[in-house]
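Asker: In order, the protein sequence lines correspond to chains A and B.
Taking our numbering, I'd label the letters of the first sequence as residues 443 to 535.
Taking our numbering, I'd label the letters of the second sequence as residues 9 to 240.
There could be a bad hint or two in this list.
Covered stretches of chain A, as calculated for chain B (at least 3 residues, CB under 8 Å) [claimed, not checked]:
| no. | region |
| --- | --- |
| 1 | 463-471 |
| 2 | 493-504 |
In silico lysine-lysine, DSS-like type, Cα no more than 25 Å apart, as pairs [what the hints assert, rightly or not]:
| no. | chain 1 | residue 1 | chain 2 | residue 2 |
| --- | --- | --- | --- | --- |
| 3 | A | K498 | B | K48 |
| 4 | B | K22 | A | K521 |
| 5 | A | K498 | B | K72 |
Just so you know, these hints were derived from the structure itself, not from any lab.
Virtual Cβ for every residue (Gly too), placed ideally from N, Cα, C.
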Amino acid sequence: MPARLDSPTGDYLVEIKDQFQLFGTIQRITYNLDEIEKASADFLDQYSDIAFLWEKDLETSFQEFLNQGPDLRESFLEKLKKEKEENKDFEDE
Amino acid sequence: MEMEIENFDAMSRKILEGIVTKQPSLEVFDAEITRLYEYKQRISRIPPTADIGWLKVNSTPLIKELQTIINNWIDRYTSFLYDNTTKQMANIQNFVNEVQSGIKVIPKDLKSDSDKQLLTKVMTHLRDVTQIKDQTVERFPTLRDTIQLLKKHNVDVSVSKGVDLLVTIENSRTSLEDTSDNALGPIKELILPLQSKESDNVKTRVRLFQIKVLEYRMEFQSNMPSHKIETT
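Excised from the complex, chain B in its bound form:
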């Protein structure tokens, strides 16, 4: 369970950065937007003029103003959903790009410090993919449903040049899965020998350090002002 929470937090840091995470369900959004559209329709059915006894009421300016206000309210709900979705899409794409460029170059051996740094960098990307991928894939149905909801309420969801956001979501998902398969497949296999070699190096360094500490301790104990003398 702790691991799953850790993975979720890792996903939040990368994919949910700048996203509003406290919000009602899409059903509640749908109900609210539908309610506003119903008000709008009702207002449009109100006759522009009405006679009340000796009074003649001209409702046209009021109706016009109310339509504008309702449009602003509808726009607030729909633009929130649109912005939150596109921001998430951008975060996913940034993550994919970051991993793709991060695993492009792999050290051939571990002769220099830069090779070791490069190996650490690649390993970090692989860890990120392991932690983030599944949680991110789980977010795609919600992203799709959000776009479907916006389409239902006649919101233009094309990104640019007539490209539908639903298509972009699908492409993003494929891109994430391909990058993940590449990172955790061939790339992981390629760095495995270097990883175990570096692991051995670390173990050796730890052993050497332990010996150094032991030697220092012995030297200190024998040479300190009040040193220990073995007596028989």
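Pulled out of the complex, with its shape left as it was, chain A reads as follows:
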């Protein structure tokens, strides 16, 4: 219900309390606005999974991505260790 323009408080309920047609129209408008709000949210939702593109800083994200990986030297040491263990197993057999 819209707020009164001729006084700081209150609404127009007293004036329209008997006008059912108007009530019906207000209800339809409210319903349509809700539907538009829902449809707009769905429309925006199609971009939600790519929100990181504008929410995150590219350089920071890329550095985080790089840090996921192992260091070349560490990988090399692991590979060596594995090879040594395999050789030991082979010798034991």
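Could you slot chain B onto chain A? The hints should help.
Answerer: Same frame as chain A, now just chain B:
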């Protein structure tokens, strides 16, 4: 095992200088770039205008901006791979050039100090080749796979004048192997007599120094203020 680690570190100092060594595998890069391309395709399929009740949404500026952002992200991933690969290629080429020029002149004998210095320099290059070559050769498949991945994602991998980077990688590998074969083959054979001669020289110098130390010790013991006297 220690020797292999030492060789890897030697290779790192020369070939991996200025290279980012902490990074996910190429499969992870591929998945990430593919994911970004999929987003790009999906965005391009979004209709430029949409009617939502009484609203008419014009998505064109948003779609355009998103395409630009995604292109920047794709470019960050692909340019990283490209730069890291070309830098490694440049390091390998620098190493090959350094060795080639370092073993070009070999001392004929060891008469002067400059001859000895030259021999040490050549020997240093041969040691570098021994330490670095195998580890570097092992890096070539990764370099090739990186370029293949970039090609898959339509990145221009030509170096200059239409020369494909894959060809450059192959040439680099051949150049490294040829230089290594030359250094550890004929050059090593050529310096071997000088090397053993210098080794003998060093041994002689060590012996002479030992004698000098012994003589000094004896002199010191006999002439010092409270010297030792043999008594019967």
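Asker: Going through the earlier hints one by one, which of them does the structure break, listed in rising order?
Answerer: When the structure is compared with the hints, only number 1 turns out to be violated.
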